[in-house]
Amino acid sequence: MAYLDINNVVKRYEEHTALDGVSMQVEQGVIYGLLGPNGAGKSTLIRIINRILAADKGTVTLNGKQMTDDDIAHIGYLPEERGLYKKMKVGDHIVYLGRLKGMTKADAVASMHWWLDRFDLKEWENKKVENLSKGMQQKVQFIGTVIHRPPLLIFDEPFSGFDPVNAEQLKVEILALRDQGSTILFSTHNMASVEEVCQQITLLNHAKVVLTGSVDEVKQQHKKNIIAVQTPDKIEANDALFKILPPDPVKKQDTRIKLAQGVNVRDAINWLNEHYRLTGFTEVLPSMNEIFIETVKSKNATEQ
Amino acid sequence: MNKLRLIIAREYMSIVGRKSFIFMTLGMPLLFILIMAVPIGLAYLNDKGSDTQQIAVIDETGRYAAALHSDDMYNFVAIKGDTVTNAREFYDKANGSLDAIIIIPRNVDSTGVVNIFSEGTITPALVSSVRNVLADTIQSAHLAAMGIPNLQEMVDKAHVDVDVRSIKWSEEGEQESSTDAAMGLGLMLSIITYMFVLMYGAMIMNSVIEEKTNRIVEVVVSSCRPFQLMLGKIIGVGLVGLTQMAIWIVLLAIVGTVAGSAFGIGNVSPDAISPEALAQAKDMGAMESIVRQTLSINYLPIVLNFIIYFIGGYLLYSSLFAGLGSAVDQPSDSSQFTTPVILIMLIAFYAGMACMENPSGPTAVWCSIIPFTSPVVMMIRLPFGVPTWQLLLSIALLFGTALFITWLAARIYRRGILHYGKKASFSDLFKWMK
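From first to last, the protein sequence lines are chains X and F. For the first sequence, the numbering used here begins at 817 and goes up steadily by one. For the second sequence, the numbering used here begins at 502 and goes up steadily by one.
Since the hints were made in silico from the structure, they are not lab data. Quick reminder that beta carbons are idealized off the backbone N, C-alpha and C, glycines included. You may find that some hints are simply not true.
Straight line, CA to CA, 25 Å or less: simulated DMTMM-like cross-link-like pairs of lysine to aspartate or glutamate [stated by the list, open to error]: (1) F:K520 with X:E939; (2) F:K932 with X:D836; (3) F:K932 with X:E830; (4) F:K504 with X:E831; (5) X:K902 with F:E711; (6) X:K903 with X:E939; (7) X:K873 with X:D908; (8) F:K923 with X:E831; (9) X:K902 with F:D834; (10) X:K903 with F:E590; (11) F:K935 with X:D836; (12) F:K932 with X:E897; (13) F:K504 with X:E843; (14) X:K950 with X:D936; (15) F:K923 with X:E830.
Chain F is faced by these chain X residues, among others (derived, beta-carbon under 10 Å) [to be verified]: (16) E830; (17) N866; (18) I868; (19) G880; (20) Q882; (21) E897; (22) L913; (23) K917; (24) W940.
Extracted from the complex, chain F is given alone in its bound form:
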């Protein structure tokens, strides 16, 4: 026991003490922020940087061109429809001062077709803005043409957004459980499990291979049992992972607090209610609903189960990685063994994604019981509620399998760490297991 603690401590310190660990731990969140911020920033620069486009609007109806308002990006110039007979000639005569020509044909009311011509690229943003503006304007014109008083208001009133709230009858009474929040939570938990197992599984494997290439391993196993060394590594690296997660959570909390106070959400004064503000308010309503749902989820069992599955899944995969790592001399030889393991993990991940739509379907149920996929898939199902017998069966199977795999991996490890030279094959591994 004392030796195990020594091995764990050494393994932990050897990783946490490295510069690369500090770099990784602080770098990863930065990388995430960059990944998210860069496209937004670039898009912004793209919009800012481009000149205002000159767009001629040839309105044959003479009624709709005014609806297109100029802004920073587009300058719409209305041109009487009968003055232009040939759009192409008109465009060429403009000698490059025009970027595009929009033609609103006389029969637009019946066909609903509008054409944009240009020699250059017509951006999707222009197309969608023209489409939205003209659709609204033409629709209003149609309604007005019907000659019924207040028709516009009636139509607006008739327009309904349906907000479907799902309410679950549970022991605690009625609870608004919502699929959005549950899905988000499930997805997050499964991604955390998946990433953690892959990242730290690879770390264990490298650590095992490193000890072999260093030739230190025989020195160490002359002082402790190979199983102790393997277990010490698994626990040590697991603790490194937890440390890293804890640092990230603290960072997230700090960033969240700072950002929250910096961009404090101000109150919207009633006068300033523009259509955009209304739409935003609607979004806020949706947000509020998600927040309400998020708060309504019963976290304690989810967190407890997450921890249980996390430990089981980590033990299962990390001992697989340790066992396989012991069979190779160099990291470059490891791919023949890791590929099947990574494949299984990927299947688990995809099964999790597939189960999001129907978390009680047969695929979801089976994949959350089979040990190799359960740590990921069960995370998706947890927030939706899982029958107790399935949960117990799944946990029992997961831990049973994890312990069995650890035992098998230890048998491979015992032989593998002393095996140098000839590359081991899968059939060698099976022989070593006996």
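Bound-form chain X, shown alone:
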């Protein structure tokens, strides 16, 4: 039984269907990427898990039990549309968010101090939020999301608004939370960050799941049997085994070959090794970005 189990969830609005029978299983302790183009239904699904919206059909279970309003105490949610009360003091604000999630005051204050210390924001505790830089506000926002140590964390575009240094720090924190046992649902457009942190993904498009699985599996499924070969020689095409592809614009020195149908990598490499001076080779796996674009485009094409 998955930790977070979303089963056949349907959500309809007056004009359109936001989720059309979406199912998704998130195992405990993983970072799970929820991907999809704008308007695919990610935010609606996340809001249903957070019980901000109610599903028309389907169930959401957490740890084997049907979710209730009390379960939101176990979730930390960083929405894409996020902000803070500008006039509140940093410390008070974090404590307020923690107490709203059900912490006692003493507990929330202690946790707030720990986190402010960790993010080097200690001297800002009694400053108003509006006096902080945007990056610092984002950190306060993050602390407000995790202060109650929730077992399930949901981040919607967490890196937007962060500079690379802060984004790196945030990534480290997210990985640390995962290592402490938190389950993390991660919604983003940023495919590079998906490859870095996610183990599992689900891709939504037009209210439906179009792709799901572990990042490695998905990459294997979508690989194009392309090998980048490093050799000082000029490789001639061999139609029985492979075609020569135009070089990758970034790695021009590599020769890219695409294997013919039914040819396995070993045979091709053996043949190449006999005829050329190979210095190295790598199988080219598609990036998540390519898979994302390809899947979304092909689905859209078949629907039209």
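Assemble the complex: chain X is given as a structure, and chain F must be docked to it using the hints.
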């Protein structure tokens, strides 16, 4: 429940802690005092500052000019009527040293017409003072001319001011209930309700919009129900209002005590009874009567009902404002939704004013039962006494409607707070209610 308390506390502190709240709370009474004091002060300065006007009185009868006494403002100079044939020439010859000429014609006794000429402005104060003095003098002259002894005294005796006292038979016996005091009280209560609902309704709306523009709202509703957030705001802002009122009442009490001891009303010695003092004494009598009436009003039920209507009316309108506020992104977009609400409030206010003359008339009765107008109109009616069945029906309807509107507003709010971008229309609101 615990979350609701947290939300209320935050909302309350966020407003009360602001400098603008302290400024508003202390500034409003000052503003009121200024509004009242400035015209009086200016009028005083206006009188003080102007030079004494030179006014020639051409009295063709030769009998009345002496009645016009000079004072700081006007210096009356009597001129024999037959010495001046042309008033205009006389005025021009004075070469600007005269401000006006009053001509009392020979036939003033029969026509009662007196003319004032001037090149400048003739002030209403001059006209009314001349009118009053001459009317009294001419009337006395007429009475004297009739040759009846002591006629003046007889006329004075015959003059009666009728003081109508209304006495209400109630369970507690006879009570002097008076319309003046009741009207004043009713008006005050309805204005308080009206102002409070409008001011704090707008405050709630701004608070809702602010959370939307801040983008904090989704963070908060992931920790509590949208309804809790809305209700917390309504209660929090309501408490702010009550705090503000309490401060004003305390200030009023302090100012009243200080002013009372500073301008203590001294006793008037019997020798000093001049006509003005008599007139003042008459006013005092009227005041006394109003005070007596004011004290005779049975306050307990009025205060209780005021509180009930106040809560009901506030809940009704503030949840409307909260629901509507959730549908817009920026305060500047809110007017399309607030205009109808403010219109309804204005209708309620005018209905209240209209009902003052006849607090038991059909308009008054209906408007005090219809929930949207009842919180204001019932305040006007309360001091005059309202039949119990009307009161109960009105309260039941008000609270029923207030709860229904709160429920509807919560449905709009739930959707509205997550709605960004395209401006919502009224038809969107209706869809969200479903």
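Here's how the hints hold up against the structure:
1. F:K520 with X:E939: Measuring from Cα to Cα gives roughly 24 Å; hence the hint holds.
2. F:K932 with X:D836: Measuring from Cα to Cα gives roughly 21 Å; hence the hint holds.
3. F:K932 with X:E830: Holds: K932 (chain F) and E830 (chain X) sit about 8 Å apart, inside 25 Å.
4. F:K504 with X:E831: Violated, because 34 Å separates the two Cα atoms, which is more than 25 Å.
5. X:K902 with F:E711: Answer holds: K902 (chain X) to E711 (chain F) is near 10 Å, not above 25 Å.
6. X:K903 with X:E939: OK: K903 (chain X) and E939 (chain X) at ~17 Å, within 25 Å.
7. X:K873 with X:D908: violated, 39 Å
8. F:K923 with X:E831: At roughly 14 Å apart (the allowed maximum being 25 Å), E831 (chain X) and K923 (chain F) satisfy the hint.
9. X:K902 with F:D834: Satisfied, since the Cα-Cα distance of roughly 21 Å is no more than 25 Å.
10. X:K903 with F:E590: Answer violated: K903 (chain X) to E590 (chain F) is near 76 Å, above 25 Å.
11. F:K935 with X:D836: Holds, at roughly 21 Å.
12. F:K932 with X:E897: holds, 24 Å
13. F:K504 with X:E843: violated, 31 Å
14. X:K950 with X:D936: holds, 15 Å
15. F:K923 with X:E830: Between K923 (chain F) and E830 (chain X) the Cα gap is close to 15 Å, so the pair holds against 25 Å.
16. E830: This hint holds: E830 (chain X) lies near chain F, its Cβ roughly 5 Å from the closest one there, short of 10 Å.
17. N866: Holds. Min distance 5 Å.
18. I868: holds, 5 Å
19. G880: violated, 22 Å
20. Q882: Violated - the Cβ of Q882 (chain X) stays beyond 10 Å from chain F, reaching only about 18 Å at its closest.
21. E897: The hint holds - E897 (chain X) has a Cβ within 10 Å of chain F, the shortest such distance being about 5 Å.
22. L913: Nearest chain F Cβ about 7 Å off; hint holds.
23. K917: holds, 5 Å
24. W940: violated, 18 Å
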